[in-house]
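Protein chains: 2
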Amino acid sequence: MKQVEKLIDRVINRVNINLREFNFDATPYAKKVIPLKQMINFDGFYGITSHHPIHFNFIHSNLAGSYFLGKCITDHALVYKTDVRGDELKKKGDDFTYQGTSFPIDTDEAIRICDSYLIKTLIHSFSHDPESPEEFLIRNSMSGFYANIHGSPIEGCYLAPFSTVDLTTLHSCIIGTFSYVCAGDLYHAQVPDGTIWLKGDTFEFKYTFEKAILDKYINNNLDARPTGILMDFVESRKYDFQAVFDSATNKPDINVPSQSAVNRYAYVAGDTTIGENVLISQRAYLVNAWMGPGTNAQENSYIINSRLEKNDITAHGAKIINAWLGEKVFVGFNCFLQGKPGLPLSIGQGCIIMPHTIIDLEEPLEIQAESVVWGYIQNKADLEQNSIPLSELKKINKDIEHKNIMFKGSGKDLVEGFQQRIDNILEANGAYFTNENKKTGHAQKGHSISYNIIQPYLTGKNKGIFPSISIRP
Amino acid sequence: MKQVEKLIDRVINRVNINLREFNFDATPYAKKVIPLKQMINFDGFYGITSHHPIHFNFIHSNLAGSYFLGKCITDHALVYKTDVRGDELKKKGDDFTYQGTSFPIDTDEAIRICDSYLIKTLIHSFSHDPESPEEFLIRNSMSGFYANIHGSPIEGCYLAPFSTVDLTTLHSCIIGTFSYVCAGDLYHAQVPDGTIWLKGDTFEFKYTFEKAILDKYINNNLDARPTGILMDFVESRKYDFQAVFDSATNKPDINVPSQSAVNRYAYVAGDTTIGENVLISQRAYLVNAWMGPGTNAQENSYIINSRLEKNDITAHGAKIINAWLGEKVFVGFNCFLQGKPGLPLSIGQGCIIMPHTIIDLEEPLEIQAESVVWGYIQNKADLEQNSIPLSELKKINKDIEHKNIMFKGSGKDLVEGFQQRIDNILEANGAYFTNENKKTGHAQKGHSISYNIIQPYLTGKNKGIFPSISIRP
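Protein chains in written order, with the numbering used here: chain V, 3 to 475; chain C, 3 to 475.
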């Protein structure tokens, strides 16, 4: 494993030099965290379809347990159990519009991961960066367990466990544990642990978790794996996925309508129902889940003992347990929404559950339709503090410090921006597909993926390193 | 499947133009024989080890169910459920000796399959051709079910089902059903069905099966799969392999000594024992097999209710049922040696069972040690006709027509040539590995193979065609 160790050192050096102003040392987050033998214990995967321009190029990398779709280039990178979903990469000939200016895309966009170490990270390709429209770059960076890199090129960054960067370009930044950032561009910034931060052109929203609560749910440790309720939750279910990945032909034993897609690497068990136009992505986890028409479960999401009525979105890494969702509810990245047996959670139609919201009930809870919800909620009193009707938020047009949140600017723009985005997601996923409206999305196209499975060298000086692999149409 | 159909037509045209002098038409052997949907039903595989220079390059090909090891290039080819084992390809820096002349190998040898259609064929890389030492070429050719291409570059050829070409370079030849050819070079020749033909510099051996017997065991049909006892035998067991290929982590539930290798794609069942230095290759089939030290079961071989004492060789495609083999028995390609319950077959030490021998017993049979055996044998009387002690064969030094065989030249050279080759095979397989003699072979090196699994496009205009894949160290 000499070459693998060298590669880890290479990444550490590159991250550290980029983050020198913060005196950051990546070593304790890179070494000892994943036992080296894991690097040969898991296969990598790539998906091939006729719908996405494919081009894979893997050089001097370890890709253990990772999954690639689209046009993906990795060199000198460790990509451990990471999902790289390039199905929304821009294609040659597309027009790209940014702030009213439109220009053509000259070559198929690629995700390029270079000199980076990503652990159980989710990368999704919906990129907004106008400065580099044809290359989605992740360079000289490290990310921890269950971080999400969503449409966010990053260079010289450290993303702590369960953090999310969403439609944000980052240069030399540290994003804290369980922090969510959607802020356009960030340069040489350090975002503290547990910060939920949305910044648009005309609004800004910020919430910060109390340290004691954050530590209980997720705690980043030096020289060891993270700990806490969120980590326990996902780690205790990882063996269920093992059988899914060990089988060469996993097919869930349920009825899947022809206009819906259940990924071959999803875990589906119990009394689960899949409606029309439903998208279940790889590494989604469904037990006793009733998935109504147009709903989706994105990568690393968990839906357990829950019913999603219609057109609900479960973003990457979100967890929904013992809950009922009305129509068109948006559950953001890495949310943890946990009702309990006898203490159900009910979320009314049109609610927006902000990314990284934790609802962990100690009494039954009903969230009124058309609410925006954030923060940490255990009961009705918490909900009162941590929610606002959409209609009220839309009226706000000033800077406020509302207990635990800071808000600036136009509430209307935030709400309408979110609603627009929700519609875009539903459309991209194919939730609106009908016999009349034939526009297909991921749910309709997701059947026909070929899965190719790759392994590293198991012996010799390159043990743990994958051979150089190039795949083109 | 437009592109797949085009590819089949392309191959047919190229085979036909090469074989025009025989008025040969490949169409009925290429079309309707394999349902097109099979071309997307099976994954391809390639093996990666630190012991073999790897380089795979697959372009505009279908590779359904096939396996590749070593340096393999395919373009415009259909390689259906074919094993391409490149573990004896010559390496850069090797010295190659042919008829006393030695010269260096400048680049790693590659198997190149081009404009060809191979159905369930076994290709093994031990090539002898001095004229093209760095490229093992299979071009403009077709081969049928369970043919063996063993160290034999071929161009413009048709190999009928269950035929073998062994260490022979072929140009524009037709090799008949169940025929075996080991003859150095062949140009524009047609070898009739059921011909077993060995031609060395100083000897020649030829045997021809009676048509009625041949038809009973294997019959090549137009526009359909071959029929007969041999075909039924293998096809009735193919479902046992399905589970092996469907599992991502098949490990036979038996003890495998550290110096032996049981390939992950072998089928092993019943009360089977694996001794030291044993090699079980992919698609070998073992049920109640006692594999003594140094024995091997090569690709597509079947060993059922049988005991192989020591250093026995089961060549590609050979079948051994209800039999006992003494030490160092050689069972040639595609042999069918079938004792029956209560009618056991016993083969004494040092026997050479010629390739394509059929022993299908109607009474118990004991073959004396140190015999050469050929042809079709059901009982003691047949054995008398179809065998000769090694010591007697060594004395022959003239041309004879011995009932059903033709022999010319030096019996000594034939026997010693065979014995030399048997020793080479045992050494290459690692049968002689000990704590003192550390020279490893396939049995010792075979553990550490990574298996990478690839699939074609499942939809679109390239349905059934694999993407272009290039893999290098």
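Simulated from the structure, these hints should not be mistaken for lab results. Heads up, some of the hints might be wrong.
Identical chains blur together in the list; that is why a pair holds if it fits in one copy or across any two.
[Claimed, not checked] Result set (BS3-like, lysine-lysine): computed pairs, CA atoms no more than 25 Å apart in a straight line:
1) Lys400 <-> Lys342
2) Lys465 <-> Lys382
3) Lys94 <-> Lys465
4) Lys34 <-> Lys94
5) Lys440 <-> Lys213
6) Lys410 <-> Lys240
7) Lys213 <-> Lys447
8) Lys440 <-> Lys414
9) Lys94 <-> Lys463
10) Lys396 <-> Lys465
11) Lys441 <-> Lys33
12) Lys218 <-> Lys34
13) Lys396 <-> Lys440
14) Lys382 <-> Lys34
15) Lys447 <-> Lys94
16) Lys8 <-> Lys396
17) Lys447 <-> Lys4
18) Lys441 <-> Lys400
19) Lys213 <-> Lys410
20) Lys39 <-> Lys441
21) Lys218 <-> Lys8
22) Lys4 <-> Lys396
Intra/inter-copy verdict for Lys4 and Lys396 if alpha-carbon distance must be at most 25 Å: So Lys4 and Lys396 fail the 25 Å test inside a copy (57 Å) and across (55 Å) alike.
Evaluate Lys218 and Lys8 at a C-alpha cut-off of 25 Å and name the case that applies: within, between, both or neither. Answer is neither; intra-copy 35 Å and inter-copy 62 Å both fail.
Pop the pair Lys410 and Lys240 into one bin, within, between, both or neither, using alpha-carbon distances up to 25 Å. neither (41 Å within a copy, 68 Å between copies)
Using 25 Å as the alpha-carbon threshold, which applies to Lys39 and Lys441: within, between, both, or neither? neither (45 Å within a copy, 28 Å between copies)
With 25 Å as the alpha-carbon cut-off, assign the pair Lys396 and Lys465 to within, between, both or neither. neither (57 Å within a copy, 50 Å between copies)
Using 25 Å as the alpha-carbon threshold, which applies to Lys396 and Lys440: within, between, both, or neither? So Lys396 and Lys440 fail the 25 Å test inside a copy (34 Å) and across (79 Å) alike.
Alpha-carbon proximity between Lys465 and Lys382, which holds within one copy, between copies, both or neither at 25 Å: The answer is neither: 55 Å in one copy and 55 Å across copies each exceed 25 Å.
Within a copy, between copies, both or neither: which one fits Lys447 and Lys4 at a CA-CA cutoff of 25 Å? between (41 Å within a copy, 20 Å between copies)
Status of Lys33 relative to Lys441 across identical chains (alpha carbons, at most 25 Å): neither (47 Å within a copy, 37 Å between copies)
Regarding Lys8 and Lys396, is the shortest C-alpha distance of 25 Å or less found within a copy, between copies, in both, or in neither? neither (53 Å within a copy, 61 Å between copies)
Copy assignment of Lys94 with Lys463, given that the CA separation must stay at most 25 Å: between (40 Å within a copy, 19 Å between copies)
Please work out whether the CA atoms of Lys94 and Lys465 approach to 25 Å or closer within one copy, between two copies, in both situations, or in neither? between (37 Å within a copy, 22 Å between copies)
Hints 1, 2, 4, 5, 6, 7, 8, 10, 11, 13, 14, 16, 18, 20, 21, 22 from the list above are not met by this structure, while the remaining hints are.
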